[in-house]
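Chemist: So the chains spell out like this:
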Amino acid sequence: MRPEDLLRPTPRGLHCPVGDFYIDPVRAVPRAVITHGHSDHARAGHGHVLATRETLDLMAIRYGENFAGSTQAIAYGESVEVGRVRITAHPAGHVLGSAQMALSWRGLTIVASGDYKDAADPTCARFEPVPCDVFISEATFGLPVFRHPPAATETAKLLNSLAVFPERAHIVGAYSLGKAQRVMALLREAGHEAPIFIHGALTAITAYYETQGIPLGDVRPATGASKAELAGAVVVAPPSAITDLWSRRFPEPVTAFASGWMRVRARARQRGIELPLVISDHADWDGLIASIAATGCSELWVTHGAEEALVHWAGTHGLKARPLHMVGYGEEEGEDTPPAPESEAS
Amino acid sequence: MNRFAAFLDRLAYEPGRNAKVRLMADYFRATPDPERGYALAALTGALSFANAKPGLVRTLIMERADPVLFALSYDYVGDLSETVALMWPAPPAHMRPNHAPLLSEIVEGLAETPKRDLPARLAAWLDGLDDTGRWALLKLITGSMRVGASARLAKTAVARLGDLPPDEVELVWPGLTPPYADLFAWVEGRAERPETNDPVPFRPVMLAHALEPEDFAGLDPADFSAEWKWDGIRVQVVAGRGEDGVHHVRLYSRTGEDISATFPDLAEALDFSGALDGELLVRKDGRVQSFNVLQQRLNRKSVTPRMLKDFPAHVRAYDLLVEDGEDLRERPFAERRVRLEALVARLGGVDPAAARLDLSPVIPFADWEELAAARADPASAGAGPDADAVEGVMLKRVDSLYVPGRPKGPWWKWKRDPHTVDAVLMYAQRGHGKRSSYYSDYTFGVWSAGPEGDVLVPVGKAYFGFTDAELKEIDRFVRNHTVNRFGPVREVTHGPDEGLVLEVAFEGLARSTRHRSGVAMRFPRIARLRWDKPPREADRLEALEALIREG
Ligand SMILES: [Zn+2]
Ligand SMILES: [Zn+2]
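If you're matching them up, the sequences are chains A and Z in order. For the first sequence, the residue numbers in numbering that gives the first Met the number 0 are 0 to 345. For the second sequence, the residue numbers in numbering that gives the first Met the number 0 are 0 to 550.
It should be emphasised that the hints constitute simulated quantities derived from the structure, not laboratory data. Note that the Cβ used here is the ideal one computed from N, Cα and C, for glycine as well. Any given hint could turn out to be false.
Computed, partial: chain A to chain Z, Cβ under 8 Å [said to hold, decoys possible]:
| # | residue |
| --- | --- |
| 1 | Pro-143 |
| 2 | Phe-164 |
| 3 | Ala-267 |
| 4 | Gln-269 |
| 5 | Ile-272 |
| 6 | His-311 |
Pulled out of the complex, with its shape left as it was, chain A reads as follows (with noise of 0.2 Å):
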């Protein structure tokens, strides 16, 4: 018995042969386990869909109610048997809901990881790691450069800037799932009590992440408020249109810009960032081999990002592993993509 017989990917993603499913396709099929809201990992029009509670409710935010067939809820440590595999949810501590699927079958355990981090998130349950054989792991900050500094570094550093530049709004691009919720948290986090502006594409997400019970504060529309109002405020809006037409309404903006990304100075000249602030939803390059060595797994096989980097530190630690090379993901908005130089408007 092989790993290959219980999961393997093919072109629609992850396949699991025994129980005819697949792990966050990005073709519709059947029968689908979704582990987070990301719209690569998140895709409407499957039959029958598995995933947490806090996901399902984040699709039909984004596709409507019909986004599927039917669906099942599963909660963090709660199982579900699909054909004779059992599929196991646990916190992958990337976005709200964000899970890994752990599938077990004749003593053989596989756990699907998401994408995830290991770092605290005031809106998210923290990753645990599931002790397996094989570690499915992305790889999306997966070199040793990428070492995200602790979060309240960077928000210190914008409320620096606030403090220094009084008369300017501060726009912050941050991903529309997860990454513009948390910085938010984390602004409050940090005694920072002022309205919060925010971009039109935000308001249904982040209305659900306070249902939810994580609490954002002050949360005001952009549209409509007055300069004056805007003046030294902070400004959260998706990162297509931080440099954009609808940047311009704002007095003297600086553009800030929260990702992982932002490490790379290169990155955020490209952007035209004046800002840049390293908040990431995944995993850094410690915390990937932390998180990886926890699991206990004796084989990784590593996901979209930088898989050689990643397929190679496993060699040289005794551990057997292989890239997936899987495509589609990290193609729409979410972090796991490297930003483009520039966006249209959105």
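Using the hints provided, position chain Z with the ligands relative to the given structure of chain A.
Modeler: Same frame as chain A, but now just chain Z with the ligands:
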């Protein structure tokens, strides 16, 4: 060092001049002595850090990192110092330094570290710093730090601590040394103004306003003296004997930066006592060379005997500020000019042709028409073979005192009409700062014969000249006519019948091997948008080549 590095990093991302000054002032206000003093020294170039070669940095990381992971990382980041700073492994807890080194410790440490101890010392500092601290240290120590903040901005920020005009700081600056505790104490009102005993201090310079056609109505030719406006570098030459009895000569840029080291050939030749204002030029074979020739000398990092011979530096003097300890700045220009002429005659020696200093001649004129004619044809109005290096005329009121700054009225500059060319917009790139949401940097081309018919070849890049309304028009054109994207750059439609024609004004042209077209434009800017003109009627490369031949 960590705090200084975070500040430098922020400064490097900030495009706005005023915002840079505010960041610097904020840093100086919040940072104690001597840290801020060494920071000021680093910003003004008063510290030479370049102690280590990139090879040493590479050796240090190879002792600590997997070579494959280093290679993959370096390939991704593209910058050695940054790669090493980001991936430098934290030392085991028991070997970790108990505090992060301060900038002052590093500056003082570098001065006393013998070369063979440098690797160990550097490694210990890197162990103690955070990633931004390591980045700044490695950039400084390999001499590759560029923060885009000039010495002038840093001094302006210091002046702001005490609400002083920046020139006040400039005045005392030459006598000061890092870490400048006396300077900060003075601007913060805690001590007297530092006494300068520098025998050759800089004096803040006087600048001219650009003359517009409508200004002539209020000006009387009889009140003015005219001279050529030279296309070189404005310098202040200060010479004198110090308390030590040694004769010093110093060359300052117009912002007060000491550029003497770049021109040792001049320092030796200028034996006088005082301060004079003039233009730095390259003079060879009996004539002043164009700015492009001067640029070749400026671009070299080190001064070689060969360079001194090929590009001999020369000062063309036009004002005298101080002579033998006497301050002439309160005297009228006419009187200063007489003193200057006498001084230059005295220094000329036996062979005026070989002199490193000469006088910028006065242009005789009776009325504005006569001066306009001289400006249009400097060669036959007295500039002779030096006419290539003339970019216009200067008008100085004969009764003008030498006042630092840019007072309106006493001095005017009247530049020659620029050349213009009709070119086609080919690529556009986003601007910075306030302009970051617009496509405001334009690459344009002219027609040239190719193997398969005429093609556009890029001949230059312009970032200004247009009004805000025109910027919006071009920006809209770019967004609606993008055919290709390369990172931040967009290629726009440019064919014989479709595209945008720009009337581009420029000051001069030179041959260039770095440009595909073979020509380089000096100071190009957008003069007009020619929506009316089809691209096929834009200019041809041959027209530009002809201009070079005429010049
Ligand atoms: Zn994700
Ligand atoms: Zn992903």
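Chemist: All the hints need checking, so say for each whether the structure fits it.
Modeler: Do the hints match the structure? See the list:
Checking A:Pro-143 against chain Z: minimum C-beta separation of about 4 Å stays under 8 Å; hint holds. The interface hint given for A:Phe-164 holds, since its Cβ lies 7 Å from the closest Cβ of chain Z, which is under the 8 Å cut-off. For A:Ala-267, the interface hint holds, the least distance from its beta-carbon to any beta-carbon of chain Z being 7 Å, beneath 8 Å. For A:Gln-269, the interface hint holds, the least distance from its beta-carbon to any beta-carbon of chain Z being 6 Å, beneath 8 Å.
Look at A:Ile-272: its Cβ gets to within about 7 Å of chain Z, closer than 8 Å, so that hint holds up. The closest approach between the C-beta of A:His-311 and any C-beta of chain Z is roughly 5 Å, which is under the 8 Å cut-off, so the hint is satisfied.
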